[in-house]
Structure formats: C-alpha cells, structure tokens
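Here the structure of chain G is known, so what remains is to put chain X in place on it, guided by the hints.
Protein chains: 2
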Amino acid sequence: MLINKLHSTNHQDVPRSLGDATCAILGGGGFLGTNLALALQQGGARVRAIGRREPQFEAMRGVDWRQGDITDISFLATALDGYDTIFHLAQASTPFSSNIDKIGDIERSLISTVRLLELCREVGVKRVIFLSSGGTVYGIPSGLPVRETAPTHPITSYGINKLAIEKYLALYERLYGLEYRVIRLANPYGPFQLALNNQGVVAAFALRALRDEPIEVWGDGTAIRDFIFVSDAVEAIIAAATHEGDARIFNVGSGVGRSISEVLGALETELNRRLIVQFRDSRSSDVPAIVLDINLAAEELGWTPAIDLSSGLRRTIEWLSTYLRTHV
Amino acid sequence: MLINKLHSTNHQDVPRSLGDATCAILGGGGFLGTNLALALQQGGARVRAIGRREPQFEAMRGVDWRQGDITDISFLATALDGYDTIFHLAQASTPFSSNIDKIGDIERSLISTVRLLELCREVGVKRVIFLSSGGTVYGIPSGLPVRETAPTHPITSYGINKLAIEKYLALYERLYGLEYRVIRLANPYGPFQLALNNQGVVAAFALRALRDEPIEVWGDGTAIRDFIFVSDAVEAIIAAATHEGDARIFNVGSGVGRSISEVLGALETELNRRLIVQFRDSRSSDVPAIVLDINLAAEELGWTPAIDLSSGLRRTIEWLSTYLRTHV
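For the protein sequence lines, the chains are G and X, in the order given. For this note's numbering, count along the first sequence from 1 and bump the result up by 1311. For this note's numbering, count along the second sequence from 1 and bump the result up by 1311.
Among the hints, a few may not be true.
The list cannot tell twin chains apart, which means a pair is met if one copy fits it or any two copies do.
[As the list claims (entries may be wrong)] 25 Å max Cα-Cα, derived SDA-like pairs, lysine to any residue:
1. 1437 <-> 1464
2. 1437 <-> 1634
3. 1437 <-> 1486
4. 1437 <-> 1625
5. 1437 <-> 1622
6. 1437 <-> 1584
7. 1437 <-> 1567
8. 1437 <-> 1353
9. 1437 <-> 1411
10. 1437 <-> 1581
11. 1437 <-> 1414
12. 1437 <-> 1595
13. 1437 <-> 1352
14. 1437 <-> 1483
15. 1437 <-> 1412
None of these hints come from the bench; they were simulated from the model.
Next comes chain G alone, as it looks inside the complex (with noise of 0.2 Å):
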C-alpha cells in the first residue's frame, strides 16, 4: 500500500526521538492531522487525534480518536488528560475567509488556543507543538528566503492571529515552563489533502485534472510558492517535539520557490497530458511570494526535505487517483 510504503521509508526513527511520550493532535482528522497521527503511529508513539468532524480516511481506523469541538474546554480537559505532548494543528478559518470575519477569527483561533494553554498548564501537559502559517506571518516579505527572524506584517487576520498565538506560547513557557515549539510551515500536499476548503492548490489542481475539469486559478500564475510534501513536513513536526536547543520558532518548507504556472507545467508533466486552466483575479489575501529559509529546522532538528516536487506530484496523484477509484 502506497500510505505504509510512505511512512516506513520516512519515519523509521520516530519511536526512539518520540520515547515514551503521549501525544494528542488538536485537528487530528485534517490532512495534516492524519498524516501526523499515522506517522506517530506506525513509529510506535501513544496517540490521540482530536478534531470536530469525524475522520475522512478509513486510514485513521486504527487511531485513537476523540470527537470534538476545540472551544468546548470540558471536552477538550478529558480529550488531553494523560497527554504530555500537545500538537496544535486546529484551523478556525483560512487566511481568506479571515479577513472576511477579523472578529470571529480572533475569537476562535486566538481566543480558543489561549484557552487550550491554560487548560495545558492546569493538566500537566510538558509540551505543546503549535503549527503556524509560513505563507501568512510575514506578509509581503521584501527578500527571499524568507528567515525565522524577517520582520512580521501579516495581510491577513489568520496571520495576525498565528503571530499572537506564537507570542502567547512564548509567555505561557516564561510565565508557567509550559514548553512550546513553532512550526511556521510552508505550502504542504500530499496524501489526504483534498482542498475541501479550498486550501491547498496542489491537490485541488490535481483533483481537476484527474477529473477532467478546469483548473481556477486566483492571479495570474506568477505568484511563488513553498510547497513542501506532507511527510517531510511532518518529519519536521515530529523533530521539533523532542528538540531540546533554545529556537523555539522553525520555518518548515522545501527552501525552493516555485510558480503556480510551474506546478501546473510539472502536473502537466505527470500527467501527460494539457489541463484546462483559467486565470481569476488575485485575492488581497494573497501575497505574490513567499520561500521560506530552512536553514534554522537544518541545524536545529536534524531535518531536510526528502521529496522533490516531481515525484511528491507523482505520490500525490498515486493516492488521488486510488481515492477518486474508491469514493466517487
């Protein structure tokens, strides 16, 4: 199977990083989530998903899984009871739907997570992983790669908020020893990614394409992008949960930047064949470029990207075709 193939090339080293730790994921049943919790998983970790939908792929089967909503704290004081690591993948709105509802958007991104702090520090978790937004912190960077230490000028609230968030985790460990690590990870896809939410533009192109349907794209296809493939993503994740130096915030991408009109001609490439694209205005919550310098993640944890685009492509097409075959 494609899923086992994946993750027992790329994670064979997870139980003797992880030791004995129990790890909860907050937005455990996403894309992200579930290649988290099957990674942990098969590299022998105590693991529970935690997330408002039940899971999408029968693949999280086996997983220890907890049904429910973030805000809800009761839920949640039961859900992390006995978890000493905290991974915070939980997303409340995309960077577009933010700017649409700023108020909201504190409310349920910052609010909920400054709750779920507190609630880590009344039941003992050691620490927590929090997944922030490479494409959205820094705003308009004025040079690329982009580093860890960049000034930060969000265009979105999700960005805004992510950087609260960042600066929350740091006062809760000063104030409480609750210890943090930051993901500002890039542009991540691969298996179990459907661009449900339209987050994702690699799987969302590739799902068209298989599909036979035109391609939407907002701008004009020179905007640059990080794309990184999921399990080197999350190797990363899994490396900064047992990181013992003092960086606390870690960019996570492939370090490369690639143009929407890039990935189009690389699927085209895969694929074999044309794909029917159209071109819609930019949105303002996009930023035309952004790369993300990895050098900090390199040293620190040890981690650097394994999968090239073509064939994280050639995976990612691999597991939408098997799904599309199996679902529609």
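Here is chain X on its own, set in the frame of chain G:
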C-alpha cells in the same frame, strides 16, 4: 495657571498643523487623554473626549465630552459620527493585570479595537492614531536604545495585544484605506497623572512623597525606564495625526534611560527631602530595562522632547501639590 502656561508654551502650532481636522479621543478622561484634549482644544482644533468614567479634572469642563464604554458600538457610532481623526488612548488593562486575565485582555483590548476599526471604516474616519506601548511590545530588548524595527517579544498579554492591534491597523489601511499611525510611547509623567491603577511610577512616588508616605518600589531600584514629560508626548501624538510619510510606527520617549533609583534621587533633590523607600520583589510583568530610540520620530515628525527630567519633575510636583491642596 500652570496648565495654561504648559500648553501655551508647547502647542502654539496645533491649529496650523492639524488644519480643520475634527478630533475624537478615546480614553479622553484619563491622564494622557486630558493632556491631549486640552492641547488640541487650546490649539483651536474641534475636540471631543470620550471615556468610561467622568473626567477627573475640572480643566476638562470646557471640552466636549461623551461618556460611555468603547465596547458599546451603538454608543460609539453616535459619539464618533462626523470626526475624521481618532486618537485611541483607551486602556483596558495594565501590563500586570493583563497577565492575570489574558482572555479578558484579548476581549477588551484587541477585539474592542478591531470592532472600533470596523466602525471607523463604516462612518468614514480618515485616520486612527493608536497609543501603543514602547515599554511592553519589545519585551526584553537585546540592545538599548530600541529601534522600531527591533524584534518584538512581549512578556505580557498587554504587550501582545498592543502588537496585534498594530497589525490590524496595517490590515485595515491595506484593505480599506483607513489611515493610521502608531505611537509606541515610553513612560509618560506629568500633570493629571494620579497613578490610580498603579500605572505611572513618577506620579505614585511624588504623591506619596508629598503625603509623607513610604514609597513602594517593585524590584531593587535598578530597573531602567524611559520617562517622557507628558507635553512632549502630546506634541508627538499630535504631529502623528498629520504626518504624511511612509512610516507608520514611532517610538516616542526621551531616548534616555533612567533607573528607578535615579528618579527617586531626582525627586529627593526637587523636594529637598529624604524619601522613605520600601523595596519589594520585582514582578514577572516588568522588563529589567527599556530605552527607546527616538530618531525616527525626530526625522519623520520633526519632533524632539523639550522637557528634561528635573524640570518635568518640578512641574509634576507643582501640579500635584496644587491638586492635593484643593482635593484632599
């Protein structure tokens, strides 16, 4: 009268620079708001002061006043109608209190302000001048004096929310053309400061000294702060209202660091008496040292502070003495 003397010396150019702007001050009844309202009014601008509690000082009698809470949007919509320049000085917490109730701080500080910005956008406000905090947004600086581009690692919820508000201001300008300027103010002191919420060490020290009460100091007196006399702060705030350059965020302080012990010594000199000082443990919400680099404000606002510490202390003592004679 002291007050008239103060403001007529320092704000002769207010009407010229502000043109025919209409100014509303949120947090208009407090220390800074009173000074700003009087300066604007004496300079000939149309001013409305808005605050939760009745103005504390008779000097505000001649100023147009609306009483209400800034979280009450229907009140605010009426109170701000027809005003094009909003000075947002309202404070929902102190650095110390914000760490005790972090979620309340997000609600009353960050969310209230985003609601305000939404309202400003609706009623056609032209510019918001936001009073941020030079003493908290940087956290513990790696070098002094601190420039506006220095890393921001607040150690209080107060500082995190000031910073998040700065970023929402940038977002509202980008999305809707609502202009803004941010003043990262150092520690202001002077007339109309009564240190009611334990904010303002100069007023707290001077008040206790004048009453022959022992002075309580958090820490051992070595903490460094940047004290700015309030008329200097008010001049910078007013200059920001008409600033036309690209800069948005300005440090406003004296640019000079003073230890708490130095301030106590200067107070002893001005009062010509020994002070009784009780040292207490320092608080986790206090940074050990902060001094602001004020070169950007000098260049962009054509502003420099004019009142040195000893003359500032003299004026503060003079005002407090009169206040105590007539109010206690």
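* Hint by hint, which ones does the structure fall short of? -> When the structure is compared with the hints, numbers 2, 4, 5, 6, 7 and 10 turn out to be violated.
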